[in-house]
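Please model the complete structure; the sequences and the hints are all you need to start from.
Just so you know, the sequences run in chain order U and X.
Take the first sequence: its position 157, counting from 1, is numbered 157 in UniProt numbering, and each next residue is one higher.
Take the second sequence: its position 31, counting from 1, is numbered 31 in UniProt numbering, and each next residue is one higher.
No wet-lab data here; the hints were simulated from the structure.
As the structure is a computational prediction, the values presented were derived from the model and not from experiment.
Backbone N, C-alpha and C fix where the C-beta goes; we use that ideal spot for every residue, glycine too.
Treat the hints with care, since some could be wrong.
[As the list claims (entries may be wrong)] Capping the alpha-carbon separation at 20 Å, the derived lysine to aspartate or glutamate pairs in EDC-like fashion look like this:
id	chain 1	residue 1	chain 2	residue 2
1	U	23	X	90
2	X	23	U	148
3	U	53	X	36
4	X	53	U	90
5	X	108	U	95
6	U	108	X	161
7	X	108	U	36
8	X	59	U	34
9	X	53	U	34
10	U	108	X	36
11	X	23	U	95
12	U	53	X	34
13	X	137	X	161
14	U	59	U	115
15	X	53	U	36
16	U	53	X	161
17	U	108	X	90
18	X	108	U	34
[Said to hold, decoys possible] Pair by pair, the computed Cβ-Cβ distance ranges are:
id	chain 1	residue 1	chain 2	residue 2	range
19	U	97	X	191	24 to 30 Å
20	X	178	U	19	56 to 62 Å
21	U	196	X	19	20 to 26 Å
22	X	98	U	19	25 to 31 Å
23	X	168	U	35	27 to 33 Å
24	U	73	X	18	36 to 42 Å
25	U	97	X	21	17 to 23 Å
26	X	19	U	93	18 to 24 Å
27	X	98	U	187	27 to 33 Å
28	U	23	X	138	52 to 58 Å
There are 2 protein chains.
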Amino acid sequence: MSFSPLLLQLINALRCLPGVGPKSAQRMALHLLERDRDNARQLAESLLLAVEKIGECEKCRTLSETPVCEICTDVNRDNSVVCVLESPVDLLAIEQSGGFGGVYFVLKGHLSPIDGVGPEDLGIPQLLERIDQGEVKELILATNPTVEGEATAHYISAQIEREDIRITRIAHGVPVGGELEFVDGGTLAHALAGRRVIVRDKA
Amino acid sequence: MSFSPLLLQLINALRCLPGVGPKSAQRMALHLLERDRDNARQLAESLLLAVEKIGECEKCRTLSETPVCEICTDVNRDNSVVCVLESPVDLLAIEQSGGFGGVYFVLKGHLSPIDGVGPEDLGIPQLLERIDQGEVKELILATNPTVEGEATAHYISAQIEREDIRITRIAHGVPVGGELEFVDGGTLAHALAGRRVIVRDKA
Numbered sequence: 001m002s003f004s005p006l007l008l009q010l011i012n013a014l015r016c017l018p019g020v021g022p023k024s025a026q027r028m029a030l031h032l033l034e035r036d037r038d039n040a041r042q043l044a045e046s047l048l049l050a051v052e053k054i055g056e057c058e059k060c061r062t063l064s065e066t067p068v069c070e071i072c073t074d075v076n077r078d079n080s081v082v083c084v085l086e087s088p089v090d091l092l093a094i095e096q097s098g099g100f101g102g103v104y105f106v107l108k109g110h111l112s113p114i115d116g117v118g119p120e121d122l123g124i125p126q127l128l129e130r131i132d133q134g135e136v137k138e139l140i141l142a143t144n145p146t147v148e149g150e151a152t153a154h155y156i157s158a159q160i161e162r163e164d165i166r167i168t169r170i171a172h173g174v175p176v177g178g179e180l181e182f183v184d185g186g187t188l189a190h191a192l193a194g195r196r197v198i199v200r201d202k203a
Numbered sequence: 001m002s003f004s005p006l007l008l009q010l011i012n013a014l015r016c017l018p019g020v021g022p023k024s025a026q027r028m029a030l031h032l033l034e035r036d037r038d039n040a041r042q043l044a045e046s047l048l049l050a051v052e053k054i055g056e057c058e059k060c061r062t063l064s065e066t067p068v069c070e071i072c073t074d075v076n077r078d079n080s081v082v083c084v085l086e087s088p089v090d091l092l093a094i095e096q097s098g099g100f101g102g103v104y105f106v107l108k109g110h111l112s113p114i115d116g117v118g119p120e121d122l123g124i125p126q127l128l129e130r131i132d133q134g135e136v137k138e139l140i141l142a143t144n145p146t147v148e149g150e151a152t153a154h155y156i157s158a159q160i161e162r163e164d165i166r167i168t169r170i171a172h173g174v175p176v177g178g179e180l181e182f183v184d185g186g187t188l189a190h191a192l193a194g195r196r197v198i199v200r201d202k203a
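Here's what the structure looks like:
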């Protein structure tokens, strides 16, 4: 087909985005070129800048453009509570919920012997070293509620020798605003097993 | 929220893409940074190159990185048949169908007095001039089958004074592979009005 090679190249490049197939890529490319060149230029610049500058926080392994990320350097955050996550997306989700004042440790994956992902690839020795330094009082294992996530959480908890540290797992249960009818069996079983006593005011 | 400013900037920039909301933008940004930096860099470069180099074909007004596009310069294409389209996306769609050997003229929009879009903005004088030069034998009006598209097609056909030129409109009807049951009434009416005689072999 005889059509602008640069345009075809752009359409192909857009397909690296998750969830973007050939038709969406085509629509995006033509939208940017026809109606939105300023934003297209800005997107390209943001992308180059991000790829160049964003590395990994030395302390918590999340994406960061500074050697230590803003959360780890924030003096208002409680360094004694560490939340262990599988990915920076999860960190973003928890930050956006606004309900957590501690710090994080991002594994960037889960244990998967079949893919050759071992504890070293997830920075687990680094996490254990941080725990040995004594500042951490609670470790919240917030890996995904999948087989691999559970296995990773179990592995980490088994490695910790200190007795004075509280190891917790985030609660699994019925989503807030959800209806029982539409919740899957596994979640319901978790929700029942994790039931809590309602504190009643005494008359 | 204390999170990497460059990352937030990238997430915002991605939202200029059509069909990308805050959640998708976040997923895209993290996917690119975590798993696909090479492609991210390439996407940025393609984008910059495309925005910088891709202009408009002098002859047919489609997107082109050369003064005259590859289709207009192709000697194998029939310059006497001109297909008039609303947008470069339509051109791409027709080219991909592979069923057209003529050339194009892209209006980049449709007449819309309420938005201040007049014939000049659509290059209609330029199209009429090309027709006056005498080479064009057939003009296919393939604007969209919307009120505005029909009005634009009607306007163009009314402006043409030469008698020896065939002016046609693309057929509207039932999509190939579609089922009558699911086709809307307007399309069915068009399909009936545009019915064609089946040629039977004589025994």
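Hint-by-hint comparison with the structure:
Restraint check for residue 23(U) and residue 90(X): the C-alpha separation of about 12 Å stays at or below 20 Å, so the hint holds. For a cut-off of 20 Å, the pair hint linking residue 23(X) to residue 148(U) is broken: about 25 Å separates their Cα positions. With a C-alpha separation of about 15 Å, the suggested pair residue 53(U) and residue 36(X) falls inside the 20 Å cut-off, and the hint holds. This hinted pair does not check out: residue 53(X) and residue 90(U) have alpha carbons roughly 39 Å apart, beyond 20 Å.
Distance hint between residue 108(X) and residue 95(U) is unfulfilled; the C-alpha atoms sit about 44 Å from each other, more than 20 Å. Using a Cα cut-off of 20 Å, the hinted pair residue 108(U) and residue 161(X) is violated, with the two alpha carbons roughly 69 Å apart. Our distance criterion of 20 Å between C-alpha atoms is met by residue 108(X) and residue 36(U), whose separation comes to about 14 Å. Our distance criterion of 20 Å between C-alpha atoms is met by residue 59(X) and residue 34(U), whose separation comes to about 17 Å.
Simply put, residue 53(X) and residue 34(U) have alpha-carbon atoms about 13 Å apart, close enough for the 20 Å limit, and the pair holds. With a CA separation close to 14 Å, the supplied pair residue 108(U) and residue 36(X) stays within the 20 Å bound. A C-alpha spacing of about 14 Å is found between residue 23(X) and residue 95(U), which places the hinted pair at or below 20 Å, so the restraint holds. Restraint check for residue 53(U) and residue 34(X): the C-alpha separation of about 13 Å stays at or below 20 Å, so the hint holds.
Restraint check for residue 137(X) and residue 161(X): the C-alpha separation of about 13 Å stays at or below 20 Å, so the hint holds. Distance restraint check for residue 59(U) and residue 115(U): the Cα-Cα separation of roughly 25 Å exceeds the 20 Å cut-off, and the hinted pair is therefore not satisfied. For the suggested pair residue 53(X) and residue 36(U), the alpha carbons sit about 15 Å apart, so the restraint of at most 20 Å is met. Taking the CA atoms of residue 53(U) and residue 161(X), the gap is near 62 Å; set against the 20 Å cutoff, the hint is violated.
At roughly 43 Å between alpha-carbon atoms, residue 108(U) and residue 90(X) are farther apart than 20 Å, so this suggested pair is violated. Proximity of residue 108(X) to residue 34(U) is assessed by CA-CA distance (about 9 Å); at most 20 Å being required, the pair is judged to hold. Checked against the hint of 24 to 30 Å, the pair residue 97(U) and residue 191(X) fails, with Cβ atoms roughly 53 Å apart. In this structure, residue 178(X) and residue 19(U) break the distance hint of 56 to 62 Å, their C-beta atoms being roughly 27 Å apart.
Judged by the Cβ atoms, the range 20 to 26 Å given for residue 196(U) and residue 19(X) is violated: they are separated by roughly 42 Å. Range check, residue 98(X) to residue 19(U): Cβ separation about 28 Å, and the 25 to 31 Å hint holds. Judged by the Cβ atoms, the range 27 to 33 Å given for residue 168(X) and residue 35(U) holds: they are separated by roughly 30 Å. A C-beta distance of roughly 38 Å is found between residue 73(U) and residue 18(X), which places it inside the suggested range of 36 to 42 Å.
Distance hint for residue 97(U) and residue 21(X): a CB-CB separation of about 18 Å, consistent with the stated range 17 to 23 Å. Range check, residue 19(X) to residue 93(U): about 22 Å between beta-carbon atoms, so the 18 to 24 Å window is met. At roughly 50 Å, the beta carbons of residue 98(X) and residue 187(U) sit outside the given window of 27 to 33 Å. Remark: the range hint 52 to 58 Å for residue 23(U) to residue 138(X) is contradicted by a beta-carbon distance near 30 Å.
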